[in-house]
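Asks: Chain by chain, the residues:
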Amino acid sequence: MTDTIEFSPAKQQTKNSVSMIWIVPLLAICIGGWMIFQQWQNKGVIVEVSFESAEGLEVGKTKIKSRNVDIGTLIDVRFNDDRKRIIARIEIEKSMADFLRTDSQFWIVKPRIGTNGISGISTIFSGAYIEVYPGTFKSASQNFIGLESPPITELGAAGLHLTLNASHGSSLSVGDPVIFRGFTVGKILTYAFDTSERQAKYNIFIAAPYDSLVTNNSHFWNTGGFSLESSTKGIKLNVATVEAFISGGVEFDVPDDLALGEPAKQYKNYPLYASKDEVLENRLYQSFEYVVLVSDSVRGLVKGAPVEYRGIRVGSVISPYLSVQQSHELKIENAQDVQQIPILIKIEPERLIGQSDTEEVENFNSDFIENVKAGLTASIESANLLTGSLLINLDFNGDQQPSLEKFGPYIQIPSTRQGIAKIQDSIEQFLDSVNNLPYDQIASETTLLLGSADKTLKSLRSSIYNLNRLLKNKDTQQLSQNLNLSMLELQKTLKGLQPQSGAYRKIEKTMFKLQKTLDDLQPMLKRINNNPSTLIFSSPRNADLEPKKK
Amino acid sequence: MIKSSLLLITSLVLLGCSTLETEKPVSYYVLDAKPSALIKKRIRSLYKVNPIALPDYLNQPNIVLRDQSQRLHIAYYHSWADDLASTIRRVIISELNNAKNTARFKARCTYCDSITVTLDHFYPTTQGEVILSGFYQIEKRDKTSYSQDFFIKVDLDENGYEHAVKKMRAALIALTLKINKQL
Numbered sequence: 001m002t003d004t005i006e007f008s009p010a011k012q013q014t015k016n017s018v019s020m021i022w023i024v025p026l027l028a029i030c031i032g033g034w035m036i037f038q039q040w041q042n043k044g045v046i047v048e049v050s051f052e053s054a055e056g057l058e059v060g061k062t063k064i065k066s067r068n069v070d071i072g073t074l075i076d077v078r079f080n081d082d083r084k085r086i087i088a089r090i091e092i093e094k095s096m097a098d099f100l101r102t103d104s105q106f107w108i109v110k111p112r113i114g115t116n117g118i119s120g121i122s123t124i125f126s127g128a129y130i131e132v133y134p135g136t137f138k139s140a141s142q143n144f145i146g147l148e149s150p151p152i153t154e155l156g157a158a159g160l161h162l163t164l165n166a167s168h169g170s171s172l173s174v175g176d177p178v179i180f181r182g183f184t185v186g187k188i189l190t191y192a193f194d195t196s197e198r199q200a201k202y203n204i205f206i207a208a209p210y211d212s213l214v215t216n217n218s219h220f221w222n223t224g225g226f227s228l229e230s231s232t233k234g235i236k237l238n239v240a241t242v243e244a245f246i247s248g249g250v251e252f253d254v255p256d257d258l259a260l261g262e263p264a265k266q267y268k269n270y271p272l273y274a275s276k277d278e279v280l281e282n283r284l285y286q287s288f289e290y291v292v293l294v295s296d297s298v299r300g301l302v303k304g305a306p307v308e309y310r311g312i313r314v315g316s317v318i319s320p321y322l323s324v325q326q327s328h329e330l331k332i333e334n335a336q337d338v339q340q341i342p343i344l345i346k347i348e349p350e351r352l353i354g355q356s357d358t359e360e361v362e363n364f365n366s367d368f369i370e371n372v373k374a375g376l377t378a379s380i381e382s383a384n385l386l387t388g389s390l391l392i393n394l395d396f397n398g399d400q401q402p403s404l405e406k407f408g409p410y411i412q413i414p415s416t417r418q419g420i421a422k423i424q425d426s427i428e429q430f431l432d433s434v435n436n437l438p439y440d441q442i443a444s445e446t447t448l449l450l451g452s453a454d455k456t457l458k459s460l461r462s463s464i465y466n467l468n469r470l471l472k473n474k475d476t477q478q479l480s481q482n483l484n485l486s487m488l489e490l491q492k493t494l495k496g497l498q499p500q501s502g503a504y505r506k507i508e509k510t511m512f513k514l515q516k517t518l519d520d521l522q523p524m525l526k527r528i529n530n531n532p533s534t535l536i537f538s539s540p541r542n543a544d545l546e547p548k549k550k
Numbered sequence: 001m002i003k004s005s006l007l008l009i010t011s012l013v014l015l016g017c018s019t020l021e022t023e024k025p026v027s028y029y030v031l032d033a034k035p036s037a038l039i040k041k042r043i044r045s046l047y048k049v050n051p052i053a054l055p056d057y058l059n060q061p062n063i064v065l066r067d068q069s070q071r072l073h074i075a076y077y078h079s080w081a082d083d084l085a086s087t088i089r090r091v092i093i094s095e096l097n098n099a100k101n102t103a104r105f106k107a108r109c110t111y112c113d114s115i116t117v118t119l120d121h122f123y124p125t126t127q128g129e130v131i132l133s134g135f136y137q138i139e140k141r142d143k144t145s146y147s148q149d150f151f152i153k154v155d156l157d158e159n160g161y162e163h164a165v166k167k168m169r170a171a172l173i174a175l176t177l178k179i180n181k182q183l
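So the sequence lines, in the order shown, correspond to chains A and B. Numbering-wise, my numbering puts 185 at position 185 of the first sequence, and it's gapless, one number per residue. Numbering-wise, my numbering puts 55 at position 55 of the second sequence, and it's gapless, one number per residue.
These are computed hints drawn from the structure, not numbers from a lab. Careful: at least some of the hints might be erroneous.
Claimed, not checked - Here are some chain A residues pointing at chain B (derived, C-beta under 7 Å): (1) Lys276; (2) Asp277; (3) Glu308; (4) Asp520; (5) Leu545; (6) Pro547; (7) Lys548; (8) Lys549.
Stated by the list, open to error - Each computed DSS-like pair below joins lysine-lysine, with the alpha-carbon atoms no more than 25 Å apart: (9) A/Lys548 <-> B/Lys106; (10) B/Lys178 <-> B/Lys140; (11) B/Lys153 <-> A/Lys549; (12) A/Lys548 <-> B/Lys140; (13) A/Lys548 <-> B/Lys181; (14) A/Lys513 <-> B/Lys140; (15) A/Lys138 <-> A/Lys43; (16) A/Lys550 <-> B/Lys140; (17) B/Lys24 <-> B/Lys41; (18) A/Lys138 <-> A/Lys201; (19) A/Lys549 <-> B/Lys24; (20) A/Lys549 <-> B/Lys140; (21) B/Lys140 <-> B/Lys166.
Virtual Cβ for every residue (Gly too), placed ideally from N, Cα, C.
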């Protein structure tokens with residue numbers, strides 16, 4: 001017996017080649033990849049900003065802010081190639097990449113104390129941070145040079161940029177105010193000294209809408225501290241704004257005698273005057289040059305000294321004397337032969353006739369030459385007795401002259417000795433007279449006079465004695481009392497006739513009635529005058545002409 | 001003989017006097033015939049009405065009339081009861097006080113704005129009109145001032161002086177309304 005065992009055909013099953021366990025690392029790879037993608041997706045923009053110093057900056061902690069909103073973090077600080085500056089690597093959030101324009105501005109906000117006040121106090125506790133002003137350019141950038149101090153104006157702010165040129169020393173600094181009639185309308189942005197032009201240049205910014213206050217005729221002057229101005233109205237104390245009082249500033253306005261002018265254009269240059277007075281005294285006018293030859297000393301006469309006509313300023317001294325070199329340059333041949341000192345002056349017609357066109361100024365000059373022909377002369381006079389400064393005064397003290405002499409290219413204004421020179425002459429004459437006095441004769445006459453005076457004094461003493469006796473007399477004393485009583489009575493009587501008194505009012509009323517009566521009598525008197533017989537024989541009177549209805 | 005002659009002359013003189021015509025009575029007029037008491041009101045400004053300036057021909061007690069040939073006639077039997085300038089001033093003060101609720105108008109005032117009225121013409125005519133012309137000036141305490149010429153014509157509806165005087169007042173009221181508009 002053979003048992004056959006029947007095997008059922010084997011079923012072939014295909015087995016999975018990858019174990020399910022591999023899902024775990026695959027999932028881990030996906031998650032990792034997704035995280036890397038997320039990291040890459042959220043990674044900010046890296047930019048580099050160079051500063052002079054990294055004071056207050058801490059890697060990983062220092063924030064980048066714009067208008068107090070965090071937009072990034074400082075991720076690294078290193079030196080630049082020449083190790084003179086530091087480079088701060090900053091990561092800006094991707095969504096804030098718009099801030100990174102070519103003209104964007106970066107600066108470190110930290111506590112600062114300066115002439116413009118204290119700023120950045122909040123960073124004492126929170127730590128310094130980097131502030132960003134977003135730029136306006138379309139092009140983007142990733143390398144910037146940071147500002148060492150906060151910018152004065154916001155980028156792209158509407159307003160007017162101007163340049164002021166100062167040839168005098170002025171203690172202005174960045175951030176100082178620009179003032180119009182006591183109101184701060186702008187700031188000084190930058191300043192530099194131009195060595196070629198030997199003058200300081202200040203770039204200022206006047207914010208809109210105040211930029212319209214600046215016109216072609218505006219004049220700028222240095223302000224600050226205080227000034228005393230004395231006039232017929234008394235003494236006036238001028239004090240600038242508190243800010244300008246402490247740190248100085250620039251003020252501007254259009255002088256009263258000038259028209260307002262056209263609005264100023266961007267980046268226009270203006271001169272910066274030392275003071276408001278200097279604007280009035282030394283601003284540029286159209287002028288004509290003349291020479292005055294004087295025999296007096298010119299010590300105290302300086303360049304810019306006033307030329308006045310009876311106290312009214314009409315010009316300035318260009319040069320208190322013409323040097324040999326100047327004379328040579330001007331081709332004045334007879335300069336060496338002239339014994340007098342040539343003073344070069346300029347007449348500025350606009351000081352008298354206000355802002356004018358060239359033709360009006362030329363006309364004024366023609367009239368001025370006619371006046372010189374008619375006898376207008378110049379003389380040196382004292383401007384200030386304390387300082388000894390001098391001025392040139394013009395007045396009609398000379399004779400008429402048909403033609404005018406010339407000194408080189410200049411018309412010569414004849415000079416006379418007036419003012420100090422005249423006083424000097426008078427003193428000299430006085431001293432000469434004193435020297436010539438007959439002292440012996442005066443002494444003998446004085447002795448005689450003293451003898452006579454002694455006699456007179458004795459007589460006077462006797463008269464005073466008699467007067468004393470008279471005053472002691474009772475009748476004389478009574479006379480004074482009577483006089484007082486009479487005066488009191490007179491005062492009472494006069495009081496009764498004062499405008500408030502009844503008598504005065506009665507008189508006034510009577511006068512008014514009398515006036516009215518005379519007015520009433522006027523028509524009758526006219527009638528009698530025309531026809532005297534009406535006083536006795538009244539002529540028959542017709543009825544009055546009457547108003548008629550329309 | 002002498003006695004009888006004297007008696008005759010005296011009698012003739014007396015007879016002459018007795019034959020004088022009896023004069024018509026003179027009528028007197030006032031412009032402010034209807035005075036009214038001042039009403040209490042909230043005053044925000046005070047005005048002084050200065051004395052009215054009149055030309056010489058109007059500055060007299062008799063009413064002046066103009067005929068069609070531009071001649072002026074001074075009425076004999078029709079007179080103003082009061083000084084004309086004073087009366088006009090009273091009318092203007094009274095009418096301005098009635099017209100403006102926020103201001104008081106006075107003849108005397110020290111710290112007030114002021115109104116000055118100068119008349120050139122003010123009379124009735126034989127062509128049935130009342131003419132009023134001249135100019136007024138309003139001067140504020142801050143020294144600003146406003147002046148304006150005026151010419152007002154009012155028609156007469158009836159004959160006679162009585163009606164003319166009423167219309168003269170009406171002309172003055174029209175003037176005060178003009179002044180009030182500028183205050």
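Asks: Which of the listed hints are not met by the structure?
Replies: 1, 2, 3, 9, 12, 13, 14, 16, 17, 18, 20 and 21
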